[in-house]
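Assemble the complex: chain E is given as a structure, and chain X must be docked to it using the hints.
The listed protein sequences correspond, in order, to chains E and X. Residue numbers for the first sequence follow the working numbering, so the first one is 1 and each next one is one higher. Residue numbers for the second sequence follow the working numbering, so the first one is 1 and each next one is one higher.
Just so you know, not all the hints are guaranteed correct.
Note: identical chains are not told apart, hence a pair may lie in one copy or across any two.
[Unchecked claim] Here are the computed lysine-lysine pairs in the DSBU-like style, where the Cα-Cα straight-line distance is at most 35 Å:
1) K277 / K130
2) K159 / K277
3) K133 / K278
4) K278 / K185
5) K130 / K208
6) K34 / K159
7) K208 / K97
8) K278 / K130
9) K34 / K130
10) K45 / K92
Don't read these hints as lab results, they were simulated from the structure.
There are 2 protein chains.
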Amino acid sequence: MSFDILQDKILEKKNPTVAGLDARIEYVPEHIRKEAYAQYGEGLKGAAEAIYQFNVGLMDALCDIVPAVKPQSAYYENLGWQGMEMLERTIKYAKSKGLYVIADIKRGDIGSTATAYAEGWLSGASIEGKTYKSFDADCVTLNGYMGSDSINPFLEAAKAEDKTVFALVKTSNPSSNELQDVGVKVGGQVFGVMARLLERLGAGTEGKYGYTRIGAVTGATHPAELAEIRSMMPHTFLLVPGYGAQGGTAEDVKFAFHKGGKGAIVNSSRGIMCAWKKTGGDGHDYQEAARNAALAMRDDICQYTSFE
Amino acid sequence: MSFDILQDKILEKKNPTVAGLDARIEYVPEHIRKEAYAQYGEGLKGAAEAIYQFNVGLMDALCDIVPAVKPQSAYYENLGWQGMEMLERTIKYAKSKGLYVIADIKRGDIGSTATAYAEGWLSGASIEGKTYKSFDADCVTLNGYMGSDSINPFLEAAKAEDKTVFALVKTSNPSSNELQDVGVKVGGQVFGVMARLLERLGAGTEGKYGYTRIGAVTGATHPAELAEIRSMMPHTFLLVPGYGAQGGTAEDVKFAFHKGGKGAIVNSSRGIMCAWKKTGGDGHDYQEAARNAALAMRDDICQYTSFE
Numbered sequence: 001m002s003f004d005i006l007q008d009k010i011l012e013k014k015n016p017t018v019a020g021l022d023a024r025i026e027y028v029p030e031h032i033r034k035e036a037y038a039q040y041g042e043g044l045k046g047a048a049e050a051i052y053q054f055n056v057g058l059m060d061a062l063c064d065i066v067p068a069v070k071p072q073s074a075y076y077e078n079l080g081w082q083g084m085e086m087l088e089r090t091i092k093y094a095k096s097k098g099l100y101v102i103a104d105i106k107r108g109d110i111g112s113t114a115t116a117y118a119e120g121w122l123s124g125a126s127i128e129g130k131t132y133k134s135f136d137a138d139c140v141t142l143n144g145y146m147g148s149d150s151i152n153p154f155l156e157a158a159k160a161e162d163k164t165v166f167a168l169v170k171t172s173n174p175s176s177n178e179l180q181d182v183g184v185k186v187g188g189q190v191f192g193v194m195a196r197l198l199e200r201l202g203a204g205t206e207g208k209y210g211y212t213r214i215g216a217v218t219g220a221t222h223p224a225e226l227a228e229i230r231s232m233m234p235h236t237f238l239l240v241p242g243y244g245a246q247g248g249t250a251e252d253v254k255f256a257f258h259k260g261g262k263g264a265i266v267n268s269s270r271g272i273m274c275a276w277k278k279t280g281g282d283g284h285d286y287q288e289a290a291r292n293a294a295l296a297m298r299d300d301i302c303q304y305t306s307f308e
Numbered sequence: 001m002s003f004d005i006l007q008d009k010i011l012e013k014k015n016p017t018v019a020g021l022d023a024r025i026e027y028v029p030e031h032i033r034k035e036a037y038a039q040y041g042e043g044l045k046g047a048a049e050a051i052y053q054f055n056v057g058l059m060d061a062l063c064d065i066v067p068a069v070k071p072q073s074a075y076y077e078n079l080g081w082q083g084m085e086m087l088e089r090t091i092k093y094a095k096s097k098g099l100y101v102i103a104d105i106k107r108g109d110i111g112s113t114a115t116a117y118a119e120g121w122l123s124g125a126s127i128e129g130k131t132y133k134s135f136d137a138d139c140v141t142l143n144g145y146m147g148s149d150s151i152n153p154f155l156e157a158a159k160a161e162d163k164t165v166f167a168l169v170k171t172s173n174p175s176s177n178e179l180q181d182v183g184v185k186v187g188g189q190v191f192g193v194m195a196r197l198l199e200r201l202g203a204g205t206e207g208k209y210g211y212t213r214i215g216a217v218t219g220a221t222h223p224a225e226l227a228e229i230r231s232m233m234p235h236t237f238l239l240v241p242g243y244g245a246q247g248g249t250a251e252d253v254k255f256a257f258h259k260g261g262k263g264a265i266v267n268s269s270r271g272i273m274c275a276w277k278k279t280g281g282d283g284h285d286y287q288e289a290a291r292n293a294a295l296a297m298r299d300d301i302c303q304y305t306s307f308e
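Only chain E is shown next, with the shape it has when bound in the complex:
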């Protein structure tokens, strides 16, 4: 129920982190690129195949230590439909390895349009009365600027399939202040309005750990706001980007967790994917480098979070 599936995987692996699968072709070691180009040509198809092989290698190296992966849709759409086809395969492979899949799509639309998205990403399209799944993630990220009309259709699809969503509250990027931090007359800031809305929409969908089906995205780069949001949203599971490359530290993200390492998951993308670029090798060691980076991240974050 709800975020129980993800929380169980986190507790089992004693690791509250998620590995981003956000590969640009430049992140893929040369030997993988060369082989893919030789077979599929140097172009969109060849790049998609190279990234797929890289993703598979990363997941093979990480799946026994990391509970979840987060493919970022942008890097697949970057390659057009051939990237999207490869994303479907990536998600399927991740699930076959027992990884929880958070599709980072940040969609936001309304009514029948939101339903169309929710079907494509979570519950499957209906064609002449039969259901056909395609992207079939366990969880998606959403942008709720349009209000509850843009959240509820995803919540319905998530309920039907025992899946989950995360909606943006306070994002990790520098310009997140321009809208999200604006003070509102009712008190607090815009991100607080969003936080309260999400807690309200999720109410009644709590699982055994007490979290609703609607999680919140809250950046590690704003630790004060992270702590504020943790206390404003006691029933909400948090997805925390911004650790590592963007500047967030283990000390910053500790505010996201409830007792016993519960209620949050921290993302790292480039820190894991591109770890091989820092070993001095030619990329043949990318799996070992990613695994070492993932273990170091786990240990770093677990300094401040115990899993009792």
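Below, chain X without anything else, positioned relative to chain E:
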């Protein structure tokens, strides 16, 4: 330059409307569905092909009277990668017919992720130093909740290719008030903060008609806010959804236009696509029905807007 291309097409056809290409399989007449299923099977591929044939038929019927089409990405993602492949073909066909293509994707992400999206949808992916285009729309819609970090990478891609973007300001759906209408301490409401941000980011990119490269989405269902936004954003081209099925009227949308029918385009999706369902026929007349609906919409809106 900027929105000049779209504005020229509007003035040439004396029609400030855009036809949504948002087909669910249920909107496609039976004879087209049957033929596609016979050839490609009843499933994701068959549904994608049926919708493609429907889209082509609609564009053939509309391309001499309508300046632009707006495919909504949700209805293509609904069918997984096979829907996305069909979206690429739909966009290509639209451009071959001289239609301006607004890809309604409402993406919102930051930094290198926003760049990856912008490449996929506007400027093309870079692979080993060569550029490969895939979705290649003329314009995309964006969600700026994350601030300028989520707009600027698209603006850069749009500048490089003489393309454009629209970002959400005040949306047409009932729950848009939950966040967008919240009063802010600096005065006005959240949507006003977004409006000022977009005018600022677009400044300096005005074309011959005086509009920047960053347009704004403003729903027809809130005519008072539409008028307010028109005056707050004098250099911004407006995309106005919510006419017709959602309840917006020609009298409501008149506030979007500057003198001479400039500065705005009004969308209709179901009103045109599904017009055949109201003729009493079996769907063989879907092209005529769509054309008649598009002409009626044009005449309705032009009651209040002159193209001198």
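Structure-based check of all given hints:
| no. | hint | verdict |
| --- | --- | --- |
| 1 | K277 / K130 | between (47 Å within a copy, 23 Å between copies) |
| 2 | K159 / K277 | between (41 Å within a copy, 33 Å between copies) |
| 3 | K133 / K278 | between (39 Å within a copy, 31 Å between copies) |
| 4 | K278 / K185 | neither (48 Å within a copy, 47 Å between copies) |
| 5 | K130 / K208 | within (32 Å within a copy, 51 Å between copies) |
| 6 | K34 / K159 | between (44 Å within a copy, 33 Å between copies) |
| 7 | K208 / K97 | within (24 Å within a copy, 56 Å between copies) |
| 8 | K278 / K130 | between (49 Å within a copy, 26 Å between copies) |
| 9 | K34 / K130 | between (41 Å within a copy, 16 Å between copies) |
| 10 | K45 / K92 | both (19 Å within a copy, 19 Å between copies) |
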